[in-house]
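**Q** Sequence:
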Amino acid sequence: MTAVTAMTATASPAGAAAELRAALREAGLPVGATGTDDHVQLGTLKASDARQLARLIRTGTKRTLKAARALREICEAYGIGLPELRVRQGRITLGACRVDDAVRLARLLGAPSPRPDAPDVDAPDADAVRDLLAQAFSAAAGGGTLDVFVREESPDVVELGALDARTARRLIGALRF
Numbered sequence: 004m005t006a007v008t009a010m011t012a013t014a015s016p017a018g019a020a021a022e023l024r025a026a027l028r029e030a031g032l033p034v035g036a037t038g039t040d041d042h043v044q045l046g047t048l049k050a051s052d053a054r055q056l057a058r059l060i061r062t063g064t065k066r067t068l069k070a071a072r073a074l075r076e077i078c079e080a081y082g083i084g085l086p087e088l089r090v091r092q093g094r095i096t097l098g099a100c101r102v103d104d105a106v107r108l109a110r111l112l113g114a115p116s117p118r119p120d121a122p123d124v125d126a127p128d129a130d131a132v133r134d135l136l137a138q139a140f141s142a143a144a145g146g147g148t149l150d151v152f153v154r155e156e157s158p159d160v161v162e163l164g165a166l167d168a169r170t171a172r173r174l175i176g177a178l179r180f
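Using the working numbering, the letters of the sequence shown correspond one by one to residues 4 to 180.
Don't read these hints as lab results, they were simulated from the structure.
All C-beta atoms, glycine included, are put in the ideal place defined by N, C-alpha and C.
Keep in mind that a hint or two might mislead.
[Stated by the list, open to error] Quick list of the computed label-pair ranges, beta carbon to beta carbon: (1) P115 to G35: 57 to 63 Å; (2) L68 to G31: 19 to 25 Å; (3) T39 to A80: 43 to 49 Å.
Using the sequences and the hints, build the whole thing.
**A** This is the structure:
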């Protein structure tokens, strides 16, 4: 273990503020961080330091942003609308999806039609689609999970949860074949 690793891996009574101060110092940014266990406040940043901090954050989230962009492009190519797809708090939030788009996504992931007795149904049952998509996603993403909820106020829309970058890359791989 190097001295730098030991410094950042050690827990201190100041918790998150101390960890952030150490990371800022290691990055060469002379910014103070104070706080409690619940909140951390950064000291004043020079504009150049703020730009450097923004670059470091973008570099740290590069894989997640790249996976989100690839997932958006693949879904658009298949005609699957995910207008709320965004990166939030280091995860890819898929957001609202029309039921027919959710069916299309599930079928691309290898799921059968939600109602084999009537494959051309215009409005499949949202609960059945939710279950179908969750199962197809798990199989295609190597056991990964995707939270899928039916919107009570909009039964023709399902709400898709968030993925980490690794699970998103597995989903992208499944959709590329």
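**Q** Sort out which numbered hints this structure fails and list those numbers smallest first.
**A** Failing hints: none at all.
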